[in-house]
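For chain H, the structure is supplied; the task is to place chain W on it using the hints.
If you're matching them up, the sequences are chains H and W in order. Quick note, the first sequence lines up with residues 1 to 581 if you use full-length UniProt numbering. Quick note, the second sequence lines up with residues 1 to 581 if you use full-length UniProt numbering.
A couple of the hints might just be wrong.
Identical chains share a label here; the pair holds if one copy fits it or two copies do between them.
[Claimed, not checked] Mimicking SDA-like on lysine to any residue, the simulated pairs with C-alpha atoms at most 20 Å apart in a straight line are:
| id | residue 1 | residue 2 |
| --- | --- | --- |
| 1 | Lys206 | Leu194 |
| 2 | Lys426 | Val229 |
| 3 | Lys206 | Glu334 |
| 4 | Lys518 | Glu560 |
| 5 | Lys383 | Leu537 |
| 6 | Lys290 | Met482 |
| 7 | Lys290 | Leu117 |
| 8 | Lys384 | Leu537 |
| 9 | Lys518 | Leu348 |
| 10 | Lys204 | Ala236 |
| 11 | Lys206 | Ser380 |
| 12 | Lys384 | Lys549 |
| 13 | Lys383 | Ala92 |
These are computed hints drawn from the structure, not numbers from a lab.
Number of protein chains: 2
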Amino acid sequence: MPVFDWGRSYNRDALGNDLVAAVIVTIMLIPQSLAYALLAGLPAETGIYASIAPIVLYAIFGTSRALAVGPVAVVSLMTAAAIGNLAEPGSAELLVAAVTLAFLSGVFLILLGIFRLGFLANFLSHPVIAGFITASGILIATSQLRHILGISSGGANLPELLRSLYEHLGEVNWTTFAIGASATAFLFWVRKGLKPALLAAGVKPKLAGVLAKAGPVAAVAVTIFVTWVFNLSETAGVRVVGDVPQGLPPLTMPSFSPDLWGTLIGSAVLISIIGFVESVSVAQTLAARKRQRIVPDQELIGLGAANVGAAFTGGYPVTGGFARSVVNFDAGAETPAAGAYTAVGLMLAAMLLTPLIYHLPQATLAATIIVAVLSLVDFSILKKTWVYSRADFIAVSTTIVLTLVFGVEVGVTAGVLISILIHLYKSSRPHMAVVGRVPGTEHFRNVKRHKVEIDETVLTLRVDESLYFANARYLEDSLYDMVAARPQLRHVILMCPAVNEIDMSALESLEAINERLKALGVTFNLSEVKGPVMDRLRRGDFLSHLSGKVFLSQHQAAVELNGENPQLKVSSSQPQERTSP
Amino acid sequence: MPVFDWGRSYNRDALGNDLVAAVIVTIMLIPQSLAYALLAGLPAETGIYASIAPIVLYAIFGTSRALAVGPVAVVSLMTAAAIGNLAEPGSAELLVAAVTLAFLSGVFLILLGIFRLGFLANFLSHPVIAGFITASGILIATSQLRHILGISSGGANLPELLRSLYEHLGEVNWTTFAIGASATAFLFWVRKGLKPALLAAGVKPKLAGVLAKAGPVAAVAVTIFVTWVFNLSETAGVRVVGDVPQGLPPLTMPSFSPDLWGTLIGSAVLISIIGFVESVSVAQTLAARKRQRIVPDQELIGLGAANVGAAFTGGYPVTGGFARSVVNFDAGAETPAAGAYTAVGLMLAAMLLTPLIYHLPQATLAATIIVAVLSLVDFSILKKTWVYSRADFIAVSTTIVLTLVFGVEVGVTAGVLISILIHLYKSSRPHMAVVGRVPGTEHFRNVKRHKVEIDETVLTLRVDESLYFANARYLEDSLYDMVAARPQLRHVILMCPAVNEIDMSALESLEAINERLKALGVTFNLSEVKGPVMDRLRRGDFLSHLSGKVFLSQHQAAVELNGENPQLKVSSSQPQERTSP
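If we strip away everything but chain H, and leave its shape as in the complex, we get (with noise of 0.2 Å):
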């Protein structure tokens, strides 16, 4: 287990940079945990509950030392989405179903820990995360203009917010307006202008960055005062946190319903997987920064247990936050323990803090909320796929388009799927070329692109892909037509330096090739077939009805072939750059 690579060594000085760290990661948890909670539909001590045993689960399991992990953002969204239809807001059904949620969750995340299948996050591409967190925060930050105008608008997709805004514009509760709006406009201040502010003002580096972080804070404290003491709630219709249980975390049971099982499975894969990928990214971050590594399977392991332990502790799905592992980190941060003591101060707040929330106004949160998830919003990336890979743009623009218009569940999927298609219709269709030699040199480049030798009855085609199911056919297909347009051919050689795997479906086309030329009298060689290609090949008896050779070199098998016809001709095609093979 991890814990003990990092406990046996532990000592005053790690415990002092921990507790600092400790003490500036819970001032910010605190509200962030309250507006997660109210985010995923939930009341708001689920964020703080959601936040205590799960980091002590993963400061035991997990490999990353400054991951912190609770609530976070998109997994709030998609908690909100998969379990808001179950059961009314507040029930205690919805409570069932917020920790089978996390249970289902976790027991799924250790599951592929245990069968070391992490590899399958890899299948969300760099650019469909980027794309599909964008258009969560913009469908987080929309859902959360409500609350900033007091009005009971809903909806799961963005055609649904805005239509649900319009129509309850009318009801906006002006004094909400006012708290909302000006604690968002801080909270931008704060995150922009408040550090440089106290740096020119002459306050240290280190103690502006924490009165920083504490901003969030002083919006808390700020509204709840000025809510207390107008008594808004009651005066002007201010909707409130309102009465939150004091004490420490409940003892919680996930549900064993197979009925809700089966609703639920499906959303607790898409939040693993999403809450997977977030977490290793900050993590792998993080890590690299120190020179330490993670182990992504044992990470499963740790985000499991996390998950498991909230089931049982009245919280809803978490996993390793972005906004809070970074504070963690730059605070100095030097052990998991660290999490645990956060854990601690989080458990304190549960105990004596929440008779002080009661007036805060869920403005507050809201736009606490609005202002973290605004920075997450990032187009960029579809200038970036736009110029370098229109495959990528295609990807990316599809997941934010369908994540806005049909909400995450179906932008998510829809983004894994149209990934592995694009890649797929690519290494379909590859790229192949007809090589020629360079004279006076050994090497057999592309005769569209160089000035080359080639012998008219002898044609070699360079295949630049692995060979396999879903492109066999079409070299097939290639290949005959080459050779349908080529009277005068004797011999065929496949140059397959880039071919790293010939699966069974290739190598019968192989065997159809080798037939098929046969019968014309022309014969079918390989060259520059790799180590564990030939290894495979030679385990079949495809080696022995070929009707040419196998060359370890395209030379040697232009030398032999040409042998018996050397008259060479130079391509017609004109000379280009000679950058590219």
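This is chain W only, laid out in the frame that chain H set:
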């Protein structure tokens, strides 16, 4: 349109050959069409109707000269699975469902053809198709046992079929069984032993071939005669085909009910793809024998038109059949006109012969099917894939088991998904080799396979796979591990001769690697990057940030980077056979 290609040069020779082929195929198709309609759970005449308009439409729009289009075994089974539960056998609703299924399948095929999406069919790997056909053959043969035994069992998969057979075993009609068993035995003998016997008796080979093809017709004629003479359908309860309407195919309309479309669309897609794959394989095999070419995207349109034709003339989904196409080809068919003459033959049969088949026992048709499909059952693919590639073995064995246990639709869907997942899994953990120079040459080979020189300050890693989202993180992880194990390292070279693509995710990983190595004081270089990949890298700003260089050849890279530190060490690994890189 393909019809103009061969239509212009049509002459008397071709006419003669086509007419002979048409007569032979018509004789063969009459019992086969009736039998497959029964397999699909439809009235016997549907099979004849499905062979007339489709065959003519394919002759106009298709590109194969010898393909014979009509009902086939696997598609008939899939039709039964798709519509069997929607309505009572023999009801008008069932016929509407059948023509709607043909219509949807036809429209889907035409759309695939118009958008040039024929490549999608390539995602069915050869072993998966072979496994699917074998399992379908077993399912079909088992499903026909009830007709041989004269019982009313049912089921859509092997466990259901066997349980139902067992439960109804007490009801066996022994007269039916006598007819069915002797017809089966006779047809097996016709298939294996008749032609050699005729040849031995001095019959000319061509006539012997035709007589052997007429075996099923003989079985049909004899059993009709026996059943008629003894009136077995009334005296012994032998089930017969019964009343079949006499006349031309009726004009039918597919349903445009959205509900029915929703129910059938998934099945229509599967039927289209399976039908297309089967048809294209047959057409390619036959075209190759005469050095002709087929155009897969035009084939989609030809098959689509055939299915739409079936939809409007009382048929059900059709495709190019293996047995009838081979017979057509062997009988000397030169052009698709042979198909049109076959259609005329079948129209005559529909008008004149239907009264004769009133007394045809269903057991005879079941015998025809069993003998035909058992020739499709071939487990050798299991042995071949076991020897050649475990991944293909897993795909094929899973397809067989799932098809048998859960039916055709689950089986083929699972087969496609498993093929794709296995491919993605393999390419997500690519083969990588640390390489060094073979002494005295400019070649660089795997240090684990060859005796090579390496420089401890330079790490050259060759990745044998395109870099894309599924393996980008794996590359990062592997490279960081290697760098962490080599404290003296100053340069990393990524050797890219097998990298056919670098997508956006992989580019971001390369950027991350570059940044991280830079922080460690190690330069990051690329060598032997291909033209198309280099073109793409130039579009972004990666190359301007690259801490090292891009070298045209690995040799140049080694000369320049080793130059700073010329102490070379010979790798300690054992020298091995030189055939693998």
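Verification of the hints:
1. When the C-alpha separation of Lys206 and Leu194 is checked against a cutoff of 20 Å, the pair qualifies only within one copy, where the shortest distance is 13 Å, while the shortest distance between copies is 96 Å.
2. Taking the closest pair of Cα atoms, Lys426 and Val229 never come within 20 Å of each other, the shortest separation being 65 Å inside a single copy and 65 Å across copies.
3. Only within a single protomer do Lys206 and Glu334 lie at most 20 Å apart by alpha-carbon distance; the minimum there is 17 Å, versus 88 Å between protomers.
4. Taking the shortest Cα distances, Lys518 and Glu560 sit within 20 Å of each other inside one copy (19 Å), while across copies they are farther apart (47 Å).
5. Taking the closest pair of Cα atoms, Lys383 and Leu537 come within 20 Å of each other only across two copies (15 Å); inside a single copy the shortest separation is 44 Å, beyond that limit.
6. Proximity of Lys290 and Met482 under a CA criterion of 20 Å is satisfied inter-copy only: 17 Å between copies versus 55 Å inside one chain copy.
7. When the C-alpha separation of Lys290 and Leu117 is checked against a cutoff of 20 Å, the pair qualifies neither within a copy, at 27 Å, nor between copies, at 49 Å.
8. With identical chains, the CA atoms of Lys384 and Leu537 are at most 20 Å apart between copies only, with a shortest distance of 12 Å across copies and 41 Å within one.
9. Within a single copy, Lys518 and Leu348 get their C-alpha atoms no closer than 82 Å, and across copies no closer than 44 Å, so neither meets the 20 Å cut-off.
10. Taking CA atoms no more than 20 Å apart as the test, Lys204 paired with Ala236 passes in neither setting, with 41 Å inside one copy and 105 Å between copies.
11. For the identical chains of this complex, Lys206 and Ser380 are neighbours neither inside a copy (31 Å) nor across copies (72 Å), given an alpha-carbon limit of 20 Å.
12. In the homo-oligomer, the alpha carbons of Lys384 and Lys549 never lie at most 20 Å apart, since the shortest distance is 46 Å inside one protomer and 23 Å across protomers.
13. Proximity of Lys383 and Ala92 under a CA criterion of 20 Å is satisfied in neither setting, with 46 Å inside one chain copy and 57 Å between copies.
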